[in-house]
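K.L.:
Line by line, the protein sequences are chains D and Y. Just so it is clear: in the first sequence, position 10 is 10 by this note's numbering, and no numbers are missing. Just so it is clear: in the second sequence, position 191 is 191 by this note's numbering, and no numbers are missing.
Since the hints were made in silico from the structure, they are not lab data.
With a straight-line cut-off of 27 Å between C-alpha atoms, the simulated DSS-like cross-links for lysine-lysine are:
1) K101(Y) - K5(Y)
2) K193(Y) - K126(Y)
3) K5(Y) - K85(D)
4) K126(Y) - K5(Y)
5) K43(D) - K126(Y)
6) K43(D) - K193(Y)
7) K5(Y) - K86(D)
8) K105(Y) - K43(D)
9) K43(D) - K101(Y)
10) K5(Y) - K105(Y)
11) K126(Y) - K85(D)
12) K126(Y) - K105(Y)
13) K85(D) - K193(Y)
14) K126(Y) - K39(D)
15) K101(Y) - K39(D)
16) K126(Y) - K101(Y)
17) K126(Y) - K86(D)
18) K105(Y) - K39(D)
19) K86(D) - K193(Y)
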Amino acid sequence: MGDEIAYMLGVVAAGFAVNFGLRALPFALFGGKGRSLPKAVEKLGAVISPVIIACLIVYSYASLEWRTAAPYAAGFVTIALELRKKNPLLAIIAGTLVYMALLRF
Amino acid sequence: MEEQKTIFRRALADSLPVMMGYTTMGLVAGVLLAAKGNLVLAPLWGLLSSACWITGTMSFAFIPEVAARSSAYAIALMTLAVNFRYAFYGFSLLARWQGVKSWRKLYLILLLTDENYALEDTSPLKDPRDHERYCLILSALNHSYWVSGVTVGALLVCLLGFAIDPEAIRRATNGMEFAMVALFLVIFTDQIKGFCGHGR
Numbered sequence: 001m002g003d004e005i006a007y008m009l010g011v012v013a014a015g016f017a018v019n020f021g022l023r024a025l026p027f028a029l030f031g032g033k034g035r036s037l038p039k040a041v042e043k044l045g046a047v048i049s050p051v052i053i054a055c056l057i058v059y060s061y062a063s064l065e066w067r068t069a070a071p072y073a074a075g076f077v078t079i080a081l082e083l084r085k086k087n088p089l090l091a092i093i094a095g096t097l098v099y100m101a102l103l104r105f
Numbered sequence: 001m002e003e004q005k006t007i008f009r010r011a012l013a014d015s016l017p018v019m020m021g022y023t024t025m026g027l028v029a030g031v032l033l034a035a036k037g038n039l040v041l042a043p044l045w046g047l048l049s050s051a052c053w054i055t056g057t058m059s060f061a062f063i064p065e066v067a068a069r070s071s072a073y074a075i076a077l078m079t080l081a082v083n084f085r086y087a088f089y090g091f092s093l094l095a096r097w098q099g100v101k102s103w104r105k106l107y108l109i110l111l112l113t114d115e116n117y118a119l120e121d122t123s124p125l126k127d128p129r130d131h132e133r134y135c136l137i138l139s140a141l142n143h144s145y146w147v148s149g150v151t152v153g154a155l156l157v158c159l160l161g162f163a164i165d166p167e168a169i170r171r172a173t174n175g176m177e178f179a180m181v182a183l184f185l186v187i188f189t190d191q192i193k194g195f196c197g198h199g200r
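All chains should be built: construct the whole structure from the sequences, respecting the hints.
P.N.:
And the structure:
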């Protein structure tokens, strides 16, 4: 038990250090008090966000059943509902239900 | 400045799709951790790792490593490879978070998951103080969903032992993970609409 606790603390600390370190990197580099951001960094910040979100979509599709039609049909429903009704929660719940239903077909 | 209550409601509403994903994904991760991790203290592992890491991918990926008793160093390297994308999220929040004070900022940074990032970065709140409060509430809510999902999952297996079939739970919740993808799709749709219309 003592061994397991020591091992656990080591693993948790290691994972914490890497996850937090990665997330803190931009702030460590450019987030100093009273320092103004370099123009290039400011520009990067403005354009990077849709790119990241697009990557997240591709990345998360890869962990779905992407060889079947299910995630694409569900994605279509989600986007269509969001455009029509402008209700994110409705679009997300409907899309998820479609996906779950298609998986069980 | 918006009223405290309005901001809380906004954060709560935005967190609901995340709740769908975090609680179910967390539950499955916790169940697998306890069932496959070869651990005595699985619920404690679940509690600590989910509270300190807040990363879905690694919460699944580290289970076989722990079962094989890989070194903490090896797990750190694996985390670096799997989660390298996190290093880019801060860039678009640098300016908006410039006025956030030390501990709060560290908490917001620690909680920069895919979902928190996507919501916080695209939040329309203009006033930095409103945005800060929104981010703090959203982070705390999503943090609590994730930690309770993982911990409850691990506890279930520990308490009920063989009555819990990890495969059955996985099958029952199969597809719930689409909530996260749908969240990104909705955010991306709104971003594109913003670009095509009158800009952000």
